[in-house]
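Asks: In case you want the letters, here they are:
Number of protein chains: 2
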Amino acid sequence: MRIAIDMDEVIADFSEKDLRTFNKLFNKEVTQEEVGNGYVTQKYPEYEDAMVFIRNNADFFRDMKVMPDSKRVIERLAKKHEIFIVTAAMHFSNSIHGKIDWLKSNFPFIDQKHYVFCGDKSIINTDYLIDDSLENLRVFSGKGLLFSAYHNLDKDYDYIRVNNWLEVEAYFEEKGLI
Amino acid sequence: MRIAIDMDEVIADFSEKDLRTFNKLFNKEVTQEEVGNGYVTQKYPEYEDAMVFIRNNADFFRDMKVMPDSKRVIERLAKKHEIFIVTAAMHFSNSIHGKIDWLKSNFPFIDQKHYVFCGDKSIINTDYLIDDSLENLRVFSGKGLLFSAYHNLDKDYDYIRVNNWLEVEAYFEEKGLI
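Going line by line, the protein sequences match chains A and B.
Numbering-wise, the working numbering puts 153 at position 153 of the first sequence, and it's gapless, one number per residue.
Numbering-wise, the working numbering puts 53 at position 53 of the second sequence, and it's gapless, one number per residue.
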């Protein structure tokens with residue numbers, strides 16, 4: 001079986017790095033609780049343009065935290081299935097090298113040939129896609145799992161929701177797939 | 001309909017740039033006729049390691065020639081179909097920015113969201129793939145068209161061969177698809 005896995009907010013904690021960077025560069029102490037469901041620039045739109053520049057930098061990705069349990073669960077899945085990391089880096093094209101380095105360093109067991117950088121996930125031909133973006137899941141032709149992130153918490157969607165990697169593991173265990 | 005199109009040797013004349021660069025940097029005057037079916041480094045393997053470094057550079061792609069008729073034919077196809085540029089840049093990861101710039105400048109009518117960088121084209125979910133690589137066509141799930149390149153000229157394969165973009169145009173015209 002073939003499983004495509006999104007990167008930002010699914011295996012890499014983009015929100016945490018984004019807020020940490022915002023606080024550091026603009027000398028603030030904003031918490032995710034204050035931000036609510038979404039990104040810090042939705043609360044502080046006057047910083048949006050600056051943050052777009054800041055995110056579009058290879059270094060922005062280098063010390064991004066790995067989502068809890070993702071490495072262990074994906075390593076388990078990879079023993080039985082083909083794993084592809086499918087990430088939209090076209091908006092932040094300078095981030096591609098940072099993302100490649102991050103993946104090589106944190107998920108060394110995934111073949112670099114299985115990295116996919118694309119802007120439209122309708123192109124992806126796999127059985128599963130684990131993604132935090134409704135937009136991506138809607139155009140995907142296989143089975144989509146919605147990975148919880150701040151920006152998608154406030155609504156009920158027609159996808160199976162997984163709140164963390166333990167739930168992903170339980171989902172595939174229940175199906176007898178790991 | 002959705003059509004995936006490879007980049008090197010299909011819309012971008014990689015071989016020509018490769019040989020031109022080799023001749024310039026190593027002060028030679030090798031012709032493609034002398035090289036035969038393949039790349040210059042197959043004839044001069046002692047330069048292989050150096051050429052791998054040289055190709056893995058954003059600038060290597062910037063002045064690559066556009067394949068004759070490709071722009072006009074793809075622009076025609078794009079009026080009726082979704083076009084994706086699918087290129088394997090994982091081996092030459094530094095080349096990604098050069099490739100993005102080249103595509104934006106030479107094929108501005110293709111949405112950047114339709115660029116796909118991947119190492120394994122089995123992931124691609126489109127109706128067609130136009131590619132010079134047998135390895136890519138073999139793993140592709142849709143209909144493959146083999147685009148002629150020096151390295152694939154010497155064998156007969158089980159794919160429909162297109163020798164240039166006029167033949168691609170004729171193929172889709174005959175099917176009533178443009």
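Worth double-checking, as some hints may not be accurate.
Any copy will do: because identical chains look the same in the list, a pair fits if it lies in one copy or spans two.
As a list, the in silico DSS-like pairs of lysine-lysine whose alpha-carbon atoms are at most 30 Å apart [stated by the list, open to error]: (1) K79 x K155; (2) K71 x K113; (3) K104 x K28; (4) K143 x K80; (5) K79 x K28; (6) K65 x K17; (7) K113 x K143; (8) K155 x K113; (9) K24 x K43; (10) K43 x K113; (11) K24 x K79; (12) K175 x K24.
Derived by calculation from the structure, the hints in this document are not laboratory data.
Asks: Looking back at the numbered hints, which does the structure fail to meet, lowest number first?
Replies: The structure breaks hints 1, 3, 5, 11 and 12; every other hint is satisfied.
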